[in-house]
Structure formats: structure tokens, C-alpha cells
Amino acid sequence: DTGVSQNPRHKITKRGQNVTFRCDPISEHNRLYWYRQTLGQGPEFLTYFQNEAQLEKSRLLSDRFSAERPKGSFSTLEIQRTEQGDSAMYLCASSLRAGVISDTQYFGPGTRLTVL
Amino acid sequence: SQKIEQNSEALNIQEGKTATLTCNYTNYSPAYLQWYRQDPGRGPVFLLLIRENEKEKRKERLKVTFDTTLKQSLFHITASQPADSATYLCAPDSGTYKYIFGTGTRLKVLA
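For the record, the sequence lines run as chains A and B. Quick note: the first sequence, position 87, residue 87 per the numbering used here, numbers continuous. Basically the numbering used here = 1-based index in the second sequence + 1000.
Simulated from the structure, these hints should not be mistaken for lab results. Note that the structure is a prediction, hence the values are computed from the model and not measured. Built from N, CA and C at the ideal position, the CB exists for glycine as well. Careful, some of the hints might be misleading.
[Stated by the list, open to error] Straight-line C-alpha distance at most 30 Å; calculated DSS-like pairs for lysine-lysine: (1) K1003/B to K57/A; (2) K1071/B to K1055/B; (3) K1057/B to K1108/B; (4) K1059/B to K57/A; (5) K1003/B to K1063/B; (6) K1098/B to K1003/B; (7) K1098/B to K11/A; (8) K1098/B to K1059/B; (9) K57/A to K1098/B; (10) K1098/B to K71/A; (11) K1059/B to K1108/B; (12) K1059/B to K1071/B; (13) K1057/B to K1098/B; (14) K1098/B to K1108/B; (15) K14/A to K57/A.
[Claimed, not checked] Away from chain B, derived, C-beta distances all over 10 Å, residues of chain A: (16) P8; (17) T13; (18) R15; (19) E28; (20) G40; (21) E52; (22) D63; (23) F65; (24) E68; (25) K71; (26) T76; (27) Q105; (28) T114; (29) L116.
[As the list claims (entries may be wrong)] Facing chain A, from chain B, some residues (calculated, C-beta under 10 Å): (30) Q1034; (31) Y1036; (32) G1043; (33) Y1099; (34) G1104.
This is chain B alone, in the form it adopts within the complex (with noise of 0.2 Å):
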């Protein structure tokens, strides 16, 4: 079955480093990846979406790669800051119309 694999543990770093954080997926080749931030309490707010013939997406100190053949994006926030503290969901395209969200990486940016 198609499975997603976001790091559940959280994630510390200090304000101004660069925050990295994976998503790997098995069993399906995804045309388009996408990205969301969640807020305890809220729902997820889109970011940014990179298809499969894209190896890089910006946007602002954003930063999405995708790796089809390592079956693998990261996504990046330079010069981080402790407003960046939240989880990060990753939902890569299933083919179909619904998202299977990964389990999500919780950022936490120390001042």
C-alpha cells in the first residue's frame, strides 16, 4: 500500500539556521508532491506543490526538492524563525483526487 514517512520527532533548531525536513513515500510515483504547515488547532495551509519534472521549487526562504528516484523530498526554510515553529505535512499526488498526508514533522525554531 502507498505509505508516507515524515520524521516524527520533533525538530529543534536554532533561529537563523536552515531547517530541513524529509518526506519519503514508497509504492507509487507521485506526478506532484505538495507541502502544507498546521498550526495546533488549524487546518493545514497549502505552500507549495513541485511536479515531477521539477527538481527545485522556491518560494521566498522556501526551499522543495523532489527526488523521484530516491522516492524523496525535502523541504527547506532558510534564515528560520521561531514564527516558522509548526508541523509540516507533506501529501504527495496518490493519482486519485484524495491526499494521503504523511504524519507530519513538528518544527519547533528557538529564539
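If we strip away everything but chain A, and leave its shape as in the complex, we get (with noise of 0.2 Å):
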């Protein structure tokens, strides 16, 4: 399967510890998406990144929360201290921009995070 995967699916923690997510986007994108959605709304942007470059961060997002894409391959989130409103589906997406054509997006299943 060549689509976009996230490990892990399921993630159960304590408040106040770190986590880690990661993702694999579809070989040949070059961007790359972190979303967050919570149950009845729709996927909230968190972050971007072109490449190994992160050319935008939300506003949503605190200091607790930092991406990487080292190498312009696969991407990790990591929320330090985490709070039980971190309590989400965190979504990876990737897409292929080429020229000026409309890049559409390709989400992975998800890692559903519940802080205790």
C-alpha cells in the first residue's frame, strides 16, 4: 500500500508525558500537513511543511507542540506535557504541488491520542 500511514493508531496517556506520532507520506509529495480534529468538526490545520522545511505553524498550536521532517520524508509530532484537551484525532496529509495545478490531499487513518 502506497498511501499515507501513521503509527501509532491509538495512543493512551497521562497527563503531563511527552508523546511522539509519527508519518509517512506517499513517496513521491512534497508536502506535508498535520491536522487536529476533535469529534464533530471538521480537521483543524495545525502545520505545513514543503519539503524538510515547516513554512507554517497555527496559532492553535503552544510550545508544547513541535513537527519535524527531517530529510523531507516522514514527519513526527511531538506534544510534550501533554493536558487532556490535547485529547484529539491528530490527521498527517500529504500532497504533490506542481506548478500552479491544485494540489489535493491525501490523509492518512489517524493517531487517536486520549490524555487521562
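If you follow the hints, you should be able to join the two separate chains into one complex; please do so.
This is how it looks when you write it as C-alpha cells:
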């Protein structure tokens, strides 16, 4: 399967712990995005990478959140000192931007985080 | 600020009927608009993209319209089946790389 993959699929942690999620995009895609989704809401943009460069980080993201995409391949999203309000589905998406053609984003299955 | 509205209430329809979902947007003019399907506990799956110069787009039993004057897109599923039950999200182009999603409309097709 050459789609977007995310690991782990589920994570339960205690408040105050750090967690890290991984996303492997579609191999030829140069853009990678992280979104957060809570129940009954659409996905909310968190951050975006063009190759290895993180070009934007949402104001919704506190300093406890950090994301990396070394070498422009897989990406990790780390949440430090988790809070109960961080409980959500974290979605990764990737796309291939070519010129001015609109780029459809392809989503992974998500990582469900539960903070106790 | 850019705003997207989709029916927050669930839409229940009988199998075989046509389901029509609405997406309204305000405060921007997207060059294109995309529709996604999302099943519980899964990531969104891309369905259709329609550009501002296209009034209608079809794919099998799916049809999307895009009215830039009304700032509205309609998403139709004809001959609906229970397997079509899911949440449908619209995402108008925001002019940047990031998508702004609506809250989605939950569709339930009754057998």
C-alpha cells in the first residue's frame, strides 16, 4: 500500500507525559500537513512542510507542540506535557504540488490520542 | 474571517433516493472546492474537486455543483446505498496550501 501511514493508531497517556506520532507520506509527495480533529468538527490545520522546511505553524499550536520532517521524508509530531485538552485525532496528509495545479491532499488513518 | 457552513444535523434518507448536501462559504473566493468522505475513526478520503469555472462535476453516482455567485457547493449522491453512510466534508481552496474544512454533514442511508 502506497498511501499515507501513521503510527501509532491509538495512544493513551497520562497528563504530563510526552508523546510522539509518526507520519509516512506518499513517497513522491513534497508537501506534508498535520491536522487535529475533535468529535463533531472538521480537521483543523496545525502545521505544514514543504520538503523539510516547516513553512507555517498554526496559532492554535502551543509551544508544547513541535513537528519535524528530517530530509523531507517522514514527519514526527511531538506533544510535551500533555493536557486533557490535547485529546483528539491527529491527522497527517500529503500532497504533490506541481506548478499552479491544485494539489489534493491525501490523508492517513490518523492517530487517536487520549490523555487521562 | 473565512467561514464554511455545512448542515450540522444528520441527514437521513431512504436507500435509492438522492442525497443532497450543502456547503456554503463566506469571506473568500475559492478557485476550487473539494469534497471528502470520512468514516468514523478514519482519515478523510478525497472524492471530487471542482474548479470555479466548472458548474458541475460527476463521478459515478456523485455529482458536485459550484455556484460562485451564491458561494455554495452542492454534493449529490444518486441511488444512495447504506454503504454511502458517512460524514462528508467540504474544503474550499483558501488561496494557500492549507485547507479549511467545514464541520461536515453526517449522512445515514436507511435500508
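Tested hints:
no.: 1; hint: K1003/B to K57/A; in the structure: holds, 20 Å
no.: 2; hint: K1071/B to K1055/B; in the structure: holds, 12 Å
no.: 3; hint: K1057/B to K1108/B; in the structure: holds, 23 Å
no.: 4; hint: K1059/B to K57/A; in the structure: violated, 35 Å
no.: 5; hint: K1003/B to K1063/B; in the structure: holds, 23 Å
no.: 6; hint: K1098/B to K1003/B; in the structure: holds, 14 Å
no.: 7; hint: K1098/B to K11/A; in the structure: holds, 26 Å
no.: 8; hint: K1098/B to K1059/B; in the structure: holds, 25 Å
no.: 9; hint: K57/A to K1098/B; in the structure: holds, 11 Å
no.: 10; hint: K1098/B to K71/A; in the structure: holds, 21 Å
no.: 11; hint: K1059/B to K1108/B; in the structure: holds, 20 Å
no.: 12; hint: K1059/B to K1071/B; in the structure: holds, 22 Å
no.: 13; hint: K1057/B to K1098/B; in the structure: holds, 23 Å
no.: 14; hint: K1098/B to K1108/B; in the structure: holds, 29 Å
no.: 15; hint: K14/A to K57/A; in the structure: holds, 26 Å
no.: 16; hint: P8; in the structure: holds, 14 Å
no.: 17; hint: T13; in the structure: holds, 18 Å
no.: 18; hint: R15; in the structure: holds, 23 Å
no.: 19; hint: E28; in the structure: holds, 16 Å
no.: 20; hint: G40; in the structure: violated, 7 Å
no.: 21; hint: E52; in the structure: holds, 15 Å
no.: 22; hint: D63; in the structure: holds, 20 Å
no.: 23; hint: F65; in the structure: holds, 16 Å
no.: 24; hint: E68; in the structure: holds, 18 Å
no.: 25; hint: K71; in the structure: holds, 20 Å
no.: 26; hint: T76; in the structure: holds, 18 Å
no.: 27; hint: Q105; in the structure: violated, 6 Å
no.: 28; hint: T114; in the structure: holds, 13 Å
no.: 29; hint: L116; in the structure: holds, 19 Å
no.: 30; hint: Q1034; in the structure: holds, 7 Å
no.: 31; hint: Y1036; in the structure: holds, 8 Å
no.: 32; hint: G1043; in the structure: holds, 4 Å
no.: 33; hint: Y1099; in the structure: holds, 6 Å
no.: 34; hint: G1104; in the structure: holds, 6 Å
The structure does not agree with the numbered hints 4, 20, 27 stated previously, though it agrees with the rest.
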